[in-house]
Amino acid sequence: MQRLMTFADDWHRFLDSDIFYSFRRSRITMVAAVVTLFLILAALFAPWIAPHDPFDVATLDLMNSELPPLWMEGGDPRFLLGTDSQGRDVFSSILYGLRVSLVVGFAGVLVAMVIGVGMGLLSGFMGGLTDAIIMRIADMILSFPAILVALLINGIALSFLSQEAMHESAIYVLVLAIALTSWVQYARTVRSSTMVEKSKEYVQAAQVIGLPPMLIMIRHVLPNVLGPVLVIATINLGLAVLTEAMLSFLGVGMPPTEPSLGTLIRIGNEFLFSGIWWVVIFPSITLALLVLAVNLLGDWLRDALNPKLR
Amino acid sequence: MHNNDNNAAPLLEVDRLCVEFPTRRGVLTAIDGISMNIRAGEILGVVGESGAGKSLTGTAITGLLERPGRVAGGEIRFNGQRIDNLPPEQMRRLRGKQIGSIFQDPLTSLNPLYTVGRQLIETIRTHTDLTPKQARERAIEMLTEVGIPAPEHRIDQYPHQFSGGMRQRVVIALALCVNPKLVIADEPTTALDVSVQAQIISLLKNLCHEHHSAVMLVTHDMGVIAETCDRVAVMYAGRLVEIGPVQEVVKRARHPYTRGLMGSIPKLGEEVEYLTQIDGAMPRLTDIPAGCAFSPRCPYATARCREEKPELLSVGADQVACWLWDDAEPGTDPRQMFEGSKKPDGLSYKTVTAAEPVSKPILVCGEGAK
Amino acid sequence: MLSFFIRRLGQSVLVMLAVALLAFSMFRFVGDPVTNMLSQDASVEEREQLRENLGLNDPLLVQFSTFVSNVVQGDFGISYRNQRAVSELIAERMPATLELVAVAFVISLLVGLPMGVYSALKPNSWLSHLFQTISLVGISLPTFVTGILLILTFSVTLNWLPAFGRGDVVELGWWSTGLLTVSGLKSLILPGIMLGLFQVTLIMRLVRAEMLEVLRTDYIRFARARGLSNRAVNFGHALKNTLMPVITIIGLQLGAMIAFAIITETVFQWPGMGFLFIQAVNFVDIPVMSAYLILVSLIFVVINMIVDMMYYLLDPRLRADRASANSH
Chain R
1451 MQRLMTFADD
1461 WHRFLDSDIF
1471 YSFRRSRITM
1481 VAAVVTLFLI
1491 LAALFAPWIA
1501 PHDPFDVATL
1511 DLMNSELPPL
1521 WMEGGDPRFL
1531 LGTDSQGRDV
1541 FSSILYGLRV
1551 SLVVGFAGVL
1561 VAMVIGVGMG
1571 LLSGFMGGLT
1581 DAIIMRIADM
1591 ILSFPAILVA
1601 LLINGIALSF
1611 LSQEAMHESA
1621 IYVLVLAIAL
1631 TSWVQYARTV
1641 RSSTMVEKSK
1651 EYVQAAQVIG
1661 LPPMLIMIRH
1671 VLPNVLGPVL
1681 VIATINLGLA
1691 VLTEAMLSFL
1701 GVGMPPTEPS
1711 LGTLIRIGNE
1721 FLFSGIWWVV
1731 IFPSITLALL
1741 VLAVNLLGDW
1751 LRDALNPKLR
Chain W
319 MHNNDNNAAP
329 LLEVDRLCVE
339 FPTRRGVLTA
349 IDGISMNIRA
359 GEILGVVGES
369 GAGKSLTGTA
379 ITGLLERPGR
389 VAGGEIRFNG
399 QRIDNLPPEQ
409 MRRLRGKQIG
419 SIFQDPLTSL
429 NPLYTVGRQL
439 IETIRTHTDL
449 TPKQARERAI
459 EMLTEVGIPA
469 PEHRIDQYPH
479 QFSGGMRQRV
489 VIALALCVNP
499 KLVIADEPTT
509 ALDVSVQAQI
519 ISLLKNLCHE
529 HHSAVMLVTH
539 DMGVIAETCD
549 RVAVMYAGRL
559 VEIGPVQEVV
569 KRARHPYTRG
579 LMGSIPKLGE
589 EVEYLTQIDG
599 AMPRLTDIPA
609 GCAFSPRCPY
619 ATARCREEKP
629 ELLSVGADQV
639 ACWLWDDAEP
649 GTDPRQMFEG
659 SKKPDGLSYK
669 TVTAAEPVSK
679 PILVCGEGAK
Chain Y
18 MLSFFIRRLG
28 QSVLVMLAVA
38 LLAFSMFRFV
48 GDPVTNMLSQ
58 DASVEEREQL
68 RENLGLNDPL
78 LVQFSTFVSN
88 VVQGDFGISY
98 RNQRAVSELI
108 AERMPATLEL
118 VAVAFVISLL
128 VGLPMGVYSA
138 LKPNSWLSHL
148 FQTISLVGIS
158 LPTFVTGILL
168 ILTFSVTLNW
178 LPAFGRGDVV
188 ELGWWSTGLL
198 TVSGLKSLIL
208 PGIMLGLFQV
218 TLIMRLVRAE
228 MLEVLRTDYI
238 RFARARGLSN
248 RAVNFGHALK
258 NTLMPVITII
268 GLQLGAMIAF
278 AIITETVFQW
288 PGMGFLFIQA
298 VNFVDIPVMS
308 AYLILVSLIF
318 VVINMIVDMM
328 YYLLDPRLRA
338 DRASANSH
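Chains as they are written, first to last, in my numbering: chain R, 1451 to 1760; chain W, 319 to 688; chain Y, 18 to 345.
Read the hints as simulated data drawn from the structure, not as lab findings. Treat the hints with care, as some may be off.
In the DSBU-like style, the derived pairs of lysine-lysine whose C-alpha atoms are separated by at most 35 Å in a straight line are [stated by the list, open to error]:
{"#": "1", "chain 1": "W", "residue 1": "Lys-627", "chain 2": "W", "residue 2": "Lys-569"}
{"#": "2", "chain 1": "W", "residue 1": "Lys-523", "chain 2": "W", "residue 2": "Lys-451"}
{"#": "3", "chain 1": "Y", "residue 1": "Lys-257", "chain 2": "Y", "residue 2": "Lys-139"}
{"#": "4", "chain 1": "Y", "residue 1": "Lys-203", "chain 2": "W", "residue 2": "Lys-451"}
{"#": "5", "chain 1": "W", "residue 1": "Lys-499", "chain 2": "W", "residue 2": "Lys-451"}
{"#": "6", "chain 1": "W", "residue 1": "Lys-523", "chain 2": "W", "residue 2": "Lys-499"}
{"#": "7", "chain 1": "Y", "residue 1": "Lys-139", "chain 2": "W", "residue 2": "Lys-415"}
{"#": "8", "chain 1": "W", "residue 1": "Lys-499", "chain 2": "Y", "residue 2": "Lys-203"}
{"#": "9", "chain 1": "Y", "residue 1": "Lys-257", "chain 2": "W", "residue 2": "Lys-451"}
{"#": "10", "chain 1": "Y", "residue 1": "Lys-257", "chain 2": "W", "residue 2": "Lys-415"}
Pulled out of the complex, with its shape left as it was, chain R reads as follows:
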């Protein structure tokens, strides 16, 4: 009961807070939130929503290939957004592709966050050589465009794995590539916060009474950096989805057997001149919508939590 009360208190404080106020005042942010939620739900429940299973070869019928969207002449009511050259339902492909894109995006952000926070803590706490090495590596990574670093990681992984193994492990390689290119921001934030915390007396006190100061610190540092880390994560989610899509579009990401939105666009791109524009346009719109909505949320969150940056 007590807990419920404090929760209600917190909730009311949140409703009265500046953050929530700025949220309600910005209509565009609300729309972005709704769109994001809608897309996440659609991806989550793709197997139940999708009218077809685009990867069940048995259900594919070449007779249905290259059908235009429902509202155009020759549209088939079974295929809302038309079909591709092999008779796959574009709408269902998008739902499954969205699923893959979001899984890779979220996983990439999560792994980046773990690496970044860990590196930041280590760097800030150890100082000296460890700090110097980690930060120089961070500088190097940051001075190159993410897409190049990700491509390299992908290329190296590709050379170690056989073609089939690559298809199976593509998703892990992608997550790793995204994480390794985007952990730096978290690390820098956590590092500076750790360094501030390190000089405080309770850490020295912990040392004196023989408690592991690192553990004590983590418990103090983490709550402090939660806000900034969350902002970085939100902004980076859009970036991660985008990076995945780029790599898949370039043909080094998700294979056609398990396509993400980027892969779908890549496949559709090959039919650009054959007039079946819906194969490429709808996945593109979905991807753009997703990234735009997430970016808007990230922008708003950054402004709301740090008005100075505005």
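Please arrange chains W and Y on chain R, whose structure you already have, making use of the hints.
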């Protein structure tokens, strides 16, 4: 005495000026109906705590209020002409040319990417028809006047090559280089070392005297006011509480707030056990009480003070916004109340010697008063 | 000045050595170079001969120094995929990429700078809101989607502009340029816009944010209080102070554009270095990958240095600090 030549039209008239800031929690009235005049050549000090609206008054006069701040009422007249509603371009011509400004922090007032000379010449050439060469000569002349050694050499240096005090001299040169009739100096010494503060103030005073410029000196340093100004205006929570000749206000303050303010200055050569302290803090703009804004902290506040907003009353050479003077029996001086009056917590205003009844008010605790 | 320059140069050389080490490790340890170079039915003797020729039996440090000295002389080895010297392949492709990047860079500056300045000076006008919206969409729209939309509109539907390739090129020595023919110029438009658009939004946002910050500073308020004209305050003072930090990032963006050209080149089948690189990644053509990596890093490092120098020349504070620091 300046306050005697009332027939001369004031250079600057601020008449019931109101400045507002609309915010999402309602409209904040940062300046609430202030009236004050400055006569040609006169130095008017404006004092008050931080947030009392002193600087904002200066900003409103120069027409540089930043959005969403706005003049919501009243008038500002300069040389008899109304200037608060001038079109931006005309107001711009007035700035620098007629009304010079000096900012608080000399370290940030100058553009770091341009030489001192360029900034001076640019200002001179904006407001006069001088050729670049003449403007440069004028700039060097100006730097000499503000006491910068080797001006021919230093004119081509960048601001970061000057010390803080020297930079404030440059800022003064910039403010005075086209002989404005009025200079608004916003805490010109606050950011400086104590050792150079006095130099800068006396430089400002002398130069403005030579250039026949009037000065509105915004400060919270009562010592500076007492030494420099002809008249002084005291602000509290966006309102004017007292304005008058400096001797009157400093030595014979009529408003309880001014009195507390004056009592808070330590003086050399006097044995004082306690300095006056005014209990409480200035109200925030969001919750200014009804009636007199000072009433919650005022030991003499009456029911009327808490309900009715006091108007400026002329009392002698002074004007004061305090009901004590309206309610006082004719011929009596409410300041007598200040002597020995008890406050609930046992603190009281006391004087050190009987010879000078009100000149050195200090606040003494019960035991210390023996 | 000289000591600053030397220190800066030293840093750059260190970075390049680190990159070379990475490229060398890729070459040496990712897959077996011998297997990659020879056909599958090569004899054991042939293999051993090649190992010896490549110096793969030498100590690692010797191998690395040979690698570096080869690279410095422009020798990046032989492409696994088409058995040609990598340096040749890259020299063939480089003009295409550099011309594309140059066009995109000019577009992004010409559009992005004025947009950023305008929306900082008039933050509440409807046009600024429009710019803000465009920039948000621009930053969220994946560049390849932009490219596909451009092709669909201007090539497939309207049939105005070519959708792939460079058009006719003119050879000027080893440099092949598309800037001198009509079809070459027409071919540059769509990829140039695609590559430039993302930078436009970046530059616009950056300039806007930086300039808003500058406009709030005391020296700008003081410049207004001195009665300077709006024009003098906004363009004489605020813009110059805005551009100082912006130059750094715009310079770095120029490097990023060379990398982003990979995507543009893929969409438009532009015969540049990026296209070569992506093919190399797909075929695990390590020599081409490492050569591209080294080259792009070199361009990055050089741009970085130039930017630092410019900063140094433009900002009097830095100049003086260095001068006084050196005299001590």
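The hints, checked one at a time:
1. W:Lys-627 to W:Lys-569: Satisfied, since the Cα-Cα distance of roughly 26 Å is no more than 35 Å.
2. W:Lys-523 to W:Lys-451: 29 Å, holds
3. Y:Lys-257 to Y:Lys-139: Within the cut-off at roughly 18 Å; holds.
4. Y:Lys-203 to W:Lys-451: Distance ~52 Å between Lys-203 (chain Y) and Lys-451 (chain W) Cα, so the pair is violated.
5. W:Lys-499 to W:Lys-451: It holds: about 25 Å lies between the C-alpha atoms, which stays within 35 Å.
6. W:Lys-523 to W:Lys-499: 14 Å, holds
7. Y:Lys-139 to W:Lys-415: The hint holds at about 26 Å.
8. W:Lys-499 to Y:Lys-203: 63 Å, violated
9. Y:Lys-257 to W:Lys-451: 24 Å, holds
10. Y:Lys-257 to W:Lys-415: Roughly 25 Å separates the two Cα atoms, so the pair holds.
The structure fails hints 4 and 8 (numbered hints given earlier, in ascending order).
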